[in-house]
Structure formats: structure tokens, C-alpha cells
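Colleague: Sequence:
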Amino acid sequence: MQALEEALSALEAGPFAQAVELLLKARRVGVFGVGSSAPVALDAYYRFLRIGLPVFMAPETHMQAVAASLMRPEEVGFFISHTGRSRELLDSVREAHRAGATILALTSFRQSPLARRATVALIAPVREAAFRVEAMATRVVHLAVVDALYVALALRKSDAGWYLERSQEAIDAQRVSRRSP
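To get the working numbering, take the position in the sequence shown, counting from 1, and add 137.
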């Protein structure tokens, strides 16, 4: 709870608003994350998909590098990394940058290579702790930032309600009836 309070109070409103604008205006959004940031990236992909954002995600580092290299200038690469120093992720950042895509970062460290290479960087700092507990706290904090982006996008995207309704119907169709034995 302390990590959430500290990180979310440190998240700057200006870059957050810029991130929302970039995502809304993007022709396509690629979501990238490796290691313990991969589940956060997958959650961002799913949430953005549910509101009709044109989003894609590659599950593996070589595929991420290829996907990043094929991006276009009117596209946004959303790169998520606690340290902002993961070599594989930075390789994909380099490829997306070479392709002319806009780089949006979510990281815990303002002075990280990822933050320095980003067009817009969302910094959600998480204090280091013993036993790699920061990896758990970071995941929770970064998921909260993704949720905040999701809500902000849904409120601004005029057709988000239709996408949410339609995707909920698809989810409901996957469920077993409550009356089933």
C-alpha cells in the first residue's frame, strides 16, 4: 500500500495526459515488456483491446524486436520495464525508434536508459526492498498505472462503451450458466 501511495503521488500529471493523447491518436499501439514486466504488458494489451484501441503485442523478445522494427511513425510503442535497463527491451526500443515510432515508457527510474529514450516517460518509482520484494510492489504499481491509463482512455474514447459491451458479450458467452450442475 505504501508503494502504491508513493508511486502514484509521484506520477506527474503532464506526462500522463501526454500518454493518453499519444495512445488515443496512434494508428496502432504496440505493447512491450519482458521478464516480470511481461504480465503487466499483457494486462495493458488486454485492457486497451477491450476499449477498441488498435493494439498488438508480441510474446517473445525476438518477436518483439521484429514487431518494433516494423512500426510506423504514426504508431506508439508502449514499453514497460521496472529498471528500464533490460537489454532485450531496449533493443526493441531502438528498433521502434529507428522505424520512426513514438516511444512511451512506463518505468520506476527517471534516469534509466528507457526513460531517456522515451518521447514520454511515465515514472512510477518503487523503493528498493530486500528479497526482491520490489518486483512484487513494482508489478502492483505498474498495473495501477495501466488501470489509470485504461480509465482515462475509456472516458475520452467516444466508442469505448460499444467495445466494452461487445467484448463483455464475448466473455459472457465463454461462461457456464449459473444453473449448470
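Any given hint could turn out to be false.
[Claimed, not checked] Ranges between beta-carbon positions, derived for each pair: (1) Glu-211 / Arg-303: 32 to 38 Å; (2) Val-203 / Ala-154: 30 to 36 Å; (3) Gln-305 / Ser-206: 33 to 39 Å; (4) Asp-309 / Ser-206: 37 to 43 Å; (5) Pro-210 / Ala-310: 16 to 22 Å.
Just so you know, these hints were derived from the structure itself, not from any lab. These numbers come from a predicted model, not from an experiment. Positions of the beta carbon are idealized from the N, C-alpha and C atoms, including for glycine.
Colleague: So, for every hint listed, does it hold in this structure?
Modeller: Against the structure, the hints come out as follows:
A C-beta distance of roughly 25 Å is found between Glu-211 and Arg-303, which places it outside the suggested range of 32 to 38 Å. Judged by the Cβ atoms, the range 30 to 36 Å given for Val-203 and Ala-154 holds: they are separated by roughly 32 Å. For the pair Gln-305 and Ser-206, the supplied restraint of 33 to 39 Å holds, since their beta-carbon distance comes to about 35 Å. Checking the proposed 37 to 43 Å range against Asp-309 and Ser-206 shows it holds: the Cβ atoms sit about 38 Å from each other.
Distance hint check for Pro-210 and Ala-310: the Cβ-Cβ separation is about 38 Å, which falls outside the suggested range of 16 to 22 Å.
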